[in-house]
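Participant: Using the hints, position chain B against chain A.
Chains A and B supply the protein sequences, listed in that same order. The first sequence begins at 1 in the numbering used here and counts up one residue at a time. The second sequence begins at 1 in the numbering used here and counts up one residue at a time.
No wet-lab data here; the hints were simulated from the structure. Predicted model only: the values in this text are computed from it and were never measured. Fair warning: there could be bad hints in the mix.
If you anchor each label on the Cβ, the simulated ranges turn out as follows [claimed, not checked]:
1) Ser580/A x Val406/B: 57 to 63 angstroms
2) Ser264/A x Val406/B: 52 to 58 angstroms
3) Ala767/B x Ala251/A: 30 to 36 angstroms
4) Ser580/A x Trp488/B: 34 to 40 angstroms
5) Leu708/B x Val500/A: 57 to 63 angstroms
6) Tyr75/A x Val406/B: 19 to 25 angstroms
7) Ser235/A x Ser392/B: 25 to 31 angstroms
Ideal Cβ positions, reconstructed from N, Cα and C, are used throughout, including at glycine.
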Amino acid sequence: LSLALYAGSLCAASSAAFLYHDYCVIGAGPSGLQAAYFLQQAGRDYVVFERSHAPGSFFALYPRHRKLISINKQYTGKSNSEFNLRHDWNSLLSRDRRLLFRHYSHDFFPNADAMVHYLEDFASLLKLQVQYNTAIIHVTLERDEQAWNGHYFLLTDQDRQNYKCSSLLVATGMWVPNVVNFPGSEYVEGYETVSINPEDFAGQTVLILGRGNSAFETAENILGVTNFIHMVSRSRVRLSWATHYVGDLRAINNGLLDTYQLKSLDGLLEGDLEDLAIVKDKKGKLHITLRFYLENRNTSAGIDSITLPQDELDNFATRAPYDRVIRCLGWKFDFSIYNRSLRLMPGKGNKKKYPQIKPSYESRGTRGLFILGTASHSVDFRKSAGGFIHGFRYTTRAVHRLLENRHHGVPWPSTVYPITQLTNSIIKRVNEASGLYQMFGVLADIILLRENATAFEYLEEYPVGVLAELEMQTGRKAPNGLFVIIMEYGRNFSGADKDVFYYNRAVGEAQHAWQSNFLHPVIYYYKHLPTEHEMKLRPPDWPLPRPDAIHHIVEDFLTDWTAPNAHILPLRRFLENCLSTDLRNFFA
Amino acid sequence: MSAQRDRWVSSFSFLLFCASSIPRRGSARLLEELSPQEYFSSLQAGRASLAYFSHNASPGAQPFLEQIENSAEALQDYGISVVKVNCPKEDVSRYCGKENALRKAYLFRGNMLIREFPTDALFDVNSVVANVLFALLFNEVKYVETLADLQNIENAVKGRSNMVFAYVPATGTAEHRAVMEAAFVYGTVHQFVLTTEAMLLRDTGNDEPDVSSARLLFCHCQRATDLAQPCRRTAMGQPLTMLNIHRHLKLMGAPLVTEVAEDPEKVSTVHLQLGLPLVFILSQKETYEADRRTAEFVAWQLLGKAGVALLSRDLVDLNILLRSNVALKTPDEGVPVKYLVLEDTDEVITLVEDKSKVGQIQEDEEEDEEDEDEKENNNQDIQDDQVVEAVSRDKKRELPLEQILVLTEETFHSALLETARTVVLFYASWEAVSLAVLRSYTEVADHLKGTQGVLLARVNCWDWPGVCTKENVTQFPTIRVYEKGERWVTYDGMWGTDELTSFIMLSRVSCPLKLATIEEAEGYLRGEFPSELSSYHHTSVLGVFSTAMNEAKEAFEEAGNILSGHVTTGMYFEDDALALSRKYAVSPPALLLARSGGRSVETIALSKQSAQDMVRMIRYELLDIFPEITVQNLPRYLQLRKPFLILFSDGDIGEMESKEMLKLAKGRPRQAFVACWLNLKKTPVGRGVLKVYFATVPSLPLLLWVNLHAGGQVFKFPSEQTISEMNVLSWLEKLKAGLEIPSSTLSEEDWKPPLPAYDFLQMMETAVPEVPLRTSHHRGDTPAPKSPGRDTTVREEPSQETKAEKGGTPGRDLRGTAPRLAAREKQGKRHSEL
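Looking at chain A on its own, in the form it has when it is part of the complex:
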């Protein structure tokens, strides 16, 4: 009986203790705050949970060497605030003009402290509902027919306080360090804790595991004081200027490439870390060997009995012993707090560090759970900017617009224009829109034609991966055909091993625009909204299925697509032929 009573009281206590909000956001980093801003603007009931005492706790620690690699351009020669966001990779979106990052730092590559300061201001100036010192340690579901998504999300924090939400926005980022286990990995120091004082490395020989920006940033810091640095990782180095992907190695960090190629002792190697083993000798020096040798050796024998590669191959590359080995292997998503019932699964292949989500940023396993921010990068990993502030600030807005339509009957914002403004509205957007520019290939403007094509409706920055669901996701109708405006690089231009400086790489003639290599606007025309099936069958590397007609606006050196003959005229001809009409202006 006492047991039953106890259970009953517990039940009552817990149900009474649920604090309810329509929207719960986990994490007060850039994407969490960005989501909070839009929710606040729309007057929604929301709360942001932050485990730290201040926003942006990741930036308080990382990058360790404090230099952000997102650009903060002070001058562009233009006053267009939307255009300038194309070259401001740190600001979040808001109407408050004080909250532009250039007011927080003058550095082209700002210090991470400026970001922390900026995020603090963003939360406080906009009076966002952030609950600090609240670490969500468990998330589970409660089935309920009445709930928006057929279930509520139940969140538990470190003090066993429970929260109940209709919609869950996960903005926790990627903060769990990637660790590789191999024999001797106990001798490896992590990026999270390694000293950032170059003096600690004076006269040392260093091996760095990893080939990302954190690895090169670490190397850059100690390049001048070490004997030499070697870097090892499975894949070849990918330079962001060759791949057009900002997550690859940025020029600001690549000092080691110079010293390697100029034979100044530093070097790069390729190899699978899983095959590696590290052996410490009596002097405390670390030797590289292969797991294979360790497995075959006589276990009882001492360290000296371990075969080193150079014993058989006397010019083995990493035969010199190292003083330190540093692991800089990046981060992964924290899957641990989600109950199995949420079915939040890791992605496949090189996306396994990310949770699986749909192109609408909703979890594949749970309706109503959206992943925001850098953890949502699986949608465009190695392609676009969805893993970075200058990309996910727009995808977060897109998610907000999807939610407004789904739960509050607020359709996707749109403007209706007469058809005479068709060319103008496209030219305006491709020249200034920053969401299209940053989230190329992912977010697209949609033009829905009205009957008889006398007017059209303009929707901005819709996630193109869910184009087939447009009517359901936006609350707008597309019965008379549509244009999709998107930005693309040339399909065969970028890549890790491609020469992006070859002669004639730039296309100048409008009639060859489809061969443009650099980022340029592409307009797809569909007589009917593509179906889900057609979206699935689209050619690989194509953001969209085969259109009824396509137009490329030829790439431009200045990214200024306003030339009357090279840019606007061919576009007008394309639009005219799609609509079978004449869009010229005449003098009376």
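Facilitator: Just chain B now, with coordinates in the frame of chain A:
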């Protein structure tokens, strides 16, 4: 084969003869009359004969007998004799004895009875010939009733011979006869199959067949190897006559593609002999295989419509363009072979199917060739938007913009508060219409220099998108007049300097203006008050109300706001308003309307109460009774959506005409049409209008009835009549009664795109075939034809490349980027080595 042909030729010539002889009945009696003994003894083995047994006295059989007689000649041609056997009265043998036997005709081969026909089955020559041949050709022509039967036969002949499948709605018809006659000739070559089942026609893949007419399909079974697939079919397009069937079978028998190695002018094939065109696919050694495939593909498409030949350029020395890939030879004597450059196979097919286009395509090609010498492409890249063209031609001229205040995101709101009225032009500096309007705007600024209370400003939305979005500016350009930064009116008129100036001037005065005294009101109607506008020609509308009419006053105030800038409105509602209204013989609420320059004041009683109604009414009242149409005012009159009775005049119209027309306009209820005139000296575009109507400009003055909104008919008032109210009215009556013929009818053609766009989709597919566009290509809108079509275009590529090299003038490179400037090396094909 040759024997058969002879047989056919004879029947063919007979047919012609028969056709001419039928009307002259009984000219030659081929019908033998024999006794039963004579008949049966005359029967030869293997020879067929049709016999009719009769007693002399059977008058009911007379019509039938006539048909039999008429058929005798036709049947004789197939070696069938027709015999009338006269039965002796007492004969009770098998054929003569029985009563019902006498109502039949009997077909014998040798002395073997093959079939007996009831006389009502042989109702005319066609049915006689059809039925007789049908019976005789029992083995050659299979009759089928079910799809299974048809498929069995089809499978049986696959790989061996071709099949001719005919559907006739009924046996004994002319079509049936034609099929049987053809079967008589071709029966040993092709397997003939006949059906009268409409269902079968439907099942053979004809989705919506017209079952009331006969059809013939040639089934190419000889080359069919796959048992599961039906044979390829070629339907005969023409009606089923002996001649057409023969022609069709002959065409089907001709080789699919003829290889030719001589001058096309000298080539002659069966197609040309049969009056069909011959298409030459021009080939080269290098591309022979692809061309052969293209030719075969085209040939299948054109089977029965034209012949296809593969002409090897290497073997024939042709003095033609290298680019030409197709030639067309028509069967007409003396017409030279045409050489064409076509993009894909579809064009070849349309070329043949619509022969009238040949001339046009040819002309286009010639034009292109001329252009080719100067530039690479056609006119696609030449600016054909006159506004854009004018603006870019003028771009180096700097505009005197000092008079116009530049507003920014920071200064916008504060600037609006500083002056009573601020005119703001929202524009985009890259947009052509914006720049053209900016030009007019500077002229307006010049006109209004020194005018108090008006500030002209501009916002470049390309620099300050935030302001434009906030102000909800969705079109470029937009002009708004802001009043103390609160209310604003959007300008919706023409972008001309005068119109804009007048709008700005009129909107300076608050609308409606509240007048305090009768004197002010009178001054207002004379255009003397307010003094700002005294030097300005304008129409004034004065609302007269008594103090209590609040509802009407409010509505008028709202209407005045809406009309601000277009017309000045004033209102008077003092105690002595009645005195004012009495003077103009109206009772309040009423409107007094004083036109600019006009002496009289028009009065309108206000019955409608809503503001929108008032706006509509005032707008309507502002229109002239007999206006001179100008480019500027045309839209206002077009909006009425009524027919125009328009007098075109070279200069001012005569006094007489003017008087008569005015009478006409006033006399008729104004709802019916718009009476107006056009001065060609002031509005020269009228000349162009007349040219559209009449091709040349007719003698003037000219009175027209133009109904643009219904039918687009243009009627011309007879020039010999004088333009008087009476004459015009009676002419209009006749028009209404449909007694006049329109001089021309304006087409309702839409505004089509002036020129095609670059077809990047096709370029991508052609140049990068591995681009897997096709995988998603399941809509089936462009199936098989594309791949042979690609061959055609691929072949053209070498010539395009040479063009590109020639056309790469240094000036063009400037449009690229800096690296391109340095690139003087030969332009390789795109980075394939990557």
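Participant: Looking back at the numbered hints, which does the structure fail to meet, lowest number first?
Facilitator: 1 and 7
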